[in-house]
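Engineer: Starting from the known structure of chain B, fit chain R onto it as the hints suggest.
Given next are the chains, with one letter for each unit.
Number of protein chains: 2
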Amino acid sequence: MDEEFGSTIPTMAKYDAININGVNLGNWLVLEKWMNPALFDGTTAEDEYWLPRQLPADVYEARMKTHRSEYINERDFAIIKSWGLDSVRIPVPYFIFGDREPFIGCTSELDKAFNWAERYGLKILIDLHTAPGSQNGFDNGGLSGVCTWSQQPEEVDFVLSVLERLAERYGNREGLLGIQPINEPISERMWDLMDIQKRYPPVDAEMAKGSKGNSLEFLREFYTSAYNVIRKHMADDKFVVIHDAFELDAWKDFMQSDEYFNVILDTHQYLMMAEMEGCEQTIEGYRNFVENKWKPMISEMQNYFPVITGEWCLFNSLGCGVDTKGGQSVLNGQMGDGAVNRNDEERCEIFCAAADMQLEVWNECGSGQFFWSYKLLTDTVNTPGWLGWDSWDLGRCVAFGWYPTSPVKQLIKNY
Amino acid sequence: MDEEFGSTIPTMAKYDAININGVNLGNWLVLEKWMNPALFDGTTAEDEYWLPRQLPADVYEARMKTHRSEYINERDFAIIKSWGLDSVRIPVPYFIFGDREPFIGCTSELDKAFNWAERYGLKILIDLHTAPGSQNGFDNGGLSGVCTWSQQPEEVDFVLSVLERLAERYGNREGLLGIQPINEPISERMWDLMDIQKRYPPVDAEMAKGSKGNSLEFLREFYTSAYNVIRKHMADDKFVVIHDAFELDAWKDFMQSDEYFNVILDTHQYLMMAEMEGCEQTIEGYRNFVENKWKPMISEMQNYFPVITGEWCLFNSLGCGVDTKGGQSVLNGQMGDGAVNRNDEERCEIFCAAADMQLEVWNECGSGQFFWSYKLLTDTVNTPGWLGWDSWDLGRCVAFGWYPTSPVKQLIKNY
Numbered sequence: 009m010d011e012e013f014g015s016t017i018p019t020m021a022k023y024d025a026i027n028i029n030g031v032n033l034g035n036w037l038v039l040e041k042w043m044n045p046a047l048f049d050g051t052t053a054e055d056e057y058w059l060p061r062q063l064p065a066d067v068y069e070a071r072m073k074t075h076r077s078e079y080i081n082e083r084d085f086a087i088i089k090s091w092g093l094d095s096v097r098i099p100v101p102y103f104i105f106g107d108r109e110p111f112i113g114c115t116s117e118l119d120k121a122f123n124w125a126e127r128y129g130l131k132i133l134i135d136l137h138t139a140p141g142s143q144n145g146f147d148n149g150g151l152s153g154v155c156t157w158s159q160q161p162e163e164v165d166f167v168l169s170v171l172e173r174l175a176e177r178y179g180n181r182e183g184l185l186g187i188q189p190i191n192e193p194i195s196e197r198m199w200d201l202m203d204i205q206k207r208y209p210p211v212d213a214e215m216a217k218g219s220k221g222n223s224l225e226f227l228r229e230f231y232t233s234a235y236n237v238i239r240k241h242m243a244d245d246k247f248v249v250i251h252d253a254f255e256l257d258a259w260k261d262f263m264q265s266d267e268y269f270n271v272i273l274d275t276h277q278y279l280m281m282a283e284m285e286g287c288e289q290t291i292e293g294y295r296n297f298v299e300n301k302w303k304p305m306i307s308e309m310q311n312y313f314p315v316i317t318g319e320w321c322l323f324n325s326l327g328c329g330v331d332t333k334g335g336q337s338v339l340n341g342q343m344g345d346g347a348v349n350r351n352d353e354e355r356c357e358i359f360c361a362a363a364d365m366q367l368e369v370w371n372e373c374g375s376g377q378f379f380w381s382y383k384l385l386t387d388t389v390n391t392p393g394w395l396g397w398d399s400w401d402l403g404r405c406v407a408f409g410w411y412p413t414s415p416v417k418q419l420i421k422n423y
Numbered sequence: 009m010d011e012e013f014g015s016t017i018p019t020m021a022k023y024d025a026i027n028i029n030g031v032n033l034g035n036w037l038v039l040e041k042w043m044n045p046a047l048f049d050g051t052t053a054e055d056e057y058w059l060p061r062q063l064p065a066d067v068y069e070a071r072m073k074t075h076r077s078e079y080i081n082e083r084d085f086a087i088i089k090s091w092g093l094d095s096v097r098i099p100v101p102y103f104i105f106g107d108r109e110p111f112i113g114c115t116s117e118l119d120k121a122f123n124w125a126e127r128y129g130l131k132i133l134i135d136l137h138t139a140p141g142s143q144n145g146f147d148n149g150g151l152s153g154v155c156t157w158s159q160q161p162e163e164v165d166f167v168l169s170v171l172e173r174l175a176e177r178y179g180n181r182e183g184l185l186g187i188q189p190i191n192e193p194i195s196e197r198m199w200d201l202m203d204i205q206k207r208y209p210p211v212d213a214e215m216a217k218g219s220k221g222n223s224l225e226f227l228r229e230f231y232t233s234a235y236n237v238i239r240k241h242m243a244d245d246k247f248v249v250i251h252d253a254f255e256l257d258a259w260k261d262f263m264q265s266d267e268y269f270n271v272i273l274d275t276h277q278y279l280m281m282a283e284m285e286g287c288e289q290t291i292e293g294y295r296n297f298v299e300n301k302w303k304p305m306i307s308e309m310q311n312y313f314p315v316i317t318g319e320w321c322l323f324n325s326l327g328c329g330v331d332t333k334g335g336q337s338v339l340n341g342q343m344g345d346g347a348v349n350r351n352d353e354e355r356c357e358i359f360c361a362a363a364d365m366q367l368e369v370w371n372e373c374g375s376g377q378f379f380w381s382y383k384l385l386t387d388t389v390n391t392p393g394w395l396g397w398d399s400w401d402l403g404r405c406v407a408f409g410w411y412p413t414s415p416v417k418q419l420i421k422n423y
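Chains B and R, in that order, are what the protein sequence lines are.
When we follow the working numbering, the leftmost residue of the first sequence carries the number 9, and every step to the right adds one.
When we follow the working numbering, the leftmost residue of the second sequence carries the number 9, and every step to the right adds one.
Please note that the accuracy of each hint is not assured.
When chains are identical, the list treats them as one kind, so a pair holds in a single copy or across two.
Keeping only pairs whose Cα atoms sit at most 25 Å apart, straight-line, the calculated DMTMM-like set for lysine to aspartate or glutamate is [unchecked claim]: (1) K73 with D387; (2) K417 with D212; (3) K333 with E255; (4) K333 with E192; (5) K301 with E172; (6) K217 with E285; (7) K120 with D352; (8) K217 with D257; (9) K240 with D261; (10) K240 with D119; (11) K220 with E192; (12) K73 with D49; (13) K417 with E285; (14) K220 with D203; (15) K417 with E126; (16) K120 with E78; (17) K73 with E117; (18) K240 with E182.
Derived from the structure by calculation, the hints contain no laboratory data.
Chain B with its partners taken away, still in its complex shape:
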């Protein structure tokens, strides 16, 4: 099965030949509280930065090591392969090499993942998901409400050194699909538009001072430097994957010369964000948005780069039975009050449609996708307000027959 996948690795001239069918291993090596709140028990920490600062060192270590050994393992790679997928995107933290106390490194986990991937015929996209000072101020950037990384040249250099070490360690592994220099660096426009510090309030005002989005000039320079340090060590047929900074059409004049090859442009699209842009909360509304907004956008950019949708999912307000206001979670105090309690048939109709309409665009107009995420422990039964959030969990989407390559769904279709 490896050869089959390998044969689709393209030259730059034929972007259509790339079609990644993958899933993110979110919340494994980079924590997100909403995906497993128990890890944060007994603390007020909302992000990875503050967790070790509120726990005794040995307790922090015990939680992290137990989590990392249990959350993803060999069996998950076998299961993902059985769903017909070919790749995993693995978010890793900037402290992966264990050189940023009090954090604990995790190269041994990534080493194991490469062995599992190669055993089961999957490819790994290494996604550097956080940076010191944060590149976006999201909780999943590791430091809520702070965005100062790009203003600290020594930390930009540190990230480049992490990328170089990743390329040295994994750049020639059969199981490597590519390396993504930084996840979701937020643009100046989006920093203001999303009102990040209201959504993710900073804990330490002093630390957050001067936070702002990343300029596109900075990102172009950073991506160029990152390309060079990665390519120095990584095999030519592997990819450098750059995130669009939420500005998909800003990259038409970037890395278009022959000097740069096997570069993928990564965009993240969620129906909950479409809703914030006015998308009607009906199946037809979602379909119209996907057809009229995302499809032309991705089709156009596919002229410049292979475009993947590196994060997306089935989550939407219609399926939740309540307007989620852009996916405000229970952690933000939104409890889903007044939600319509959808039955399993309604849920199936809504979420199957959400899967089919989105996958069509990611695959037919773009170069494929990674679902966000393989697994989350969010409990829709025992905790109030989380109804519908199982649509972020590919494990449950497959079990419910919502995802088209789900063996369960295939069986239903065959009868």
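Structural biologist: Same frame as chain B, now just chain R:
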């Protein structure tokens, strides 16, 4: 789907109407080191008793709580349902109610499990898997090499009080299939035959002094007392499930009067034990053993009780490529040296056959089965000597298409 399952709940007269299609949630609330060695890192503990005695209390707590929150969750119940199963057997420890320091109770986890089971239409068999002083001296009995429980009347009473509290708390839950008073109490004959203290050496010779198997007289008395305290609180249509103590034919004159109803006899059968009894290590050898030993045994006892095989799996030496000498694991220093490296096709042929031949007996002669186990983290790729041990992991057996109700296998058959 609940109704469908409910309609098969039998009266005592029609044992054939019971057909349990289930899986154990082993290593969740009762630890077994070989199923997730990382939890025991940094200690020499081989069992649940010694683990908290070698770790600082807060580190022990951090490992246990993280493990319990991650190992089994809502998504696992949805996934098990999607495999076409109807029940889970959940091993619980004697300290489930949190009244035996230094252990940490786990009723909140079992409470959640009932909510998940009822949401997804699964039934739970609560299996009390350990007892103070141990009922078998196995590592999975919680205290290797020690078997003194039945000689301590106050601890026998303690176990009865745990059973009574379990029946009070869960006895009328829609999601309850039944309660098993004690897992694998070892008979005197088997204690000697298996040379338990050689296989599971005790840490503390003083504590192990006087260890011996449980007499059948003791077990009959204990089971009768257990039946009475459980039945006092548990709905009539739920089951009391008694393990055969590895003496399947010893129970023909037990609980046969009308006073006792909805009692299931549970036997555990593993091909690795058949090998120890001389079963030839070929597919035909296994088939002969299953047909000529297990089938008549179970068929006969089905005249007295509905008989389930509450533990079994696909594991066998042929599939491992090496004589495992009764499943001696890497933990016991057996490294699988000289193993034939089986390719995926050979593995599929061997393990599919092992599934089909065993399930036929469990279902057609007996009243169904629980596979051992839903999940184990044993890493066949990164740790030497574990090749073939994935055949204990139903998740991997389903992913590989070895298990007949696996949606993956069904798909292959349909094409």
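Engineer: Take the hints in turn and mark each one as holding or not.
Structural biologist: The hints, checked one at a time:
1. K73 with D387: both (22 Å within a copy, 16 Å between copies)
2. K417 with D212: neither (48 Å within a copy, 54 Å between copies)
3. K333 with E255: Classified as within; 22 Å inside a copy, 62 Å across copies.
4. K333 with E192: Within. Shortest intra-copy distance 21 Å satisfies the 25 Å Cα cut-off; inter-copy 53 Å does not.
5. K301 with E172: The answer is neither: 37 Å in one copy and 61 Å across copies each exceed 25 Å.
6. K217 with E285: neither (29 Å within a copy, 73 Å between copies)
7. K120 with D352: Answer is between; shortest inter-copy Cα gap is 20 Å, intra-copy 38 Å.
8. K217 with D257: neither (30 Å within a copy, 76 Å between copies)
9. K240 with D261: Classified as within; 23 Å inside a copy, 77 Å across copies.
10. K240 with D119: So K240 and D119 pass the 25 Å test inside one copy only (21 Å; across, 54 Å).
11. K220 with E192: Cα proximity of K220 and E192: one copy only (14 Å, versus 63 Å across).
12. K73 with D49: Both. Shortest intra-copy (16 Å) and inter-copy (10 Å) distances satisfy the 25 Å Cα cut-off.
13. K417 with E285: Neither: 32 Å inside a chain and 43 Å across chains, both beyond 25 Å.
14. K220 with D203: within (11 Å within a copy, 69 Å between copies)
15. K417 with E126: This pair counts as between: shortest inter-copy Cα distance 23 Å, intra-copy 27 Å.
16. K120 with E78: The answer is both: 13 Å in one copy and 19 Å across copies each meet 25 Å.
17. K73 with E117: Result: close both inside a copy and across copies, 10 Å intra and 21 Å inter.
18. K240 with E182: within (17 Å within a copy, 62 Å between copies)
Hint check: violations occur at hints 2, 5, 6, 8 and 13; the rest are consistent with the structure.
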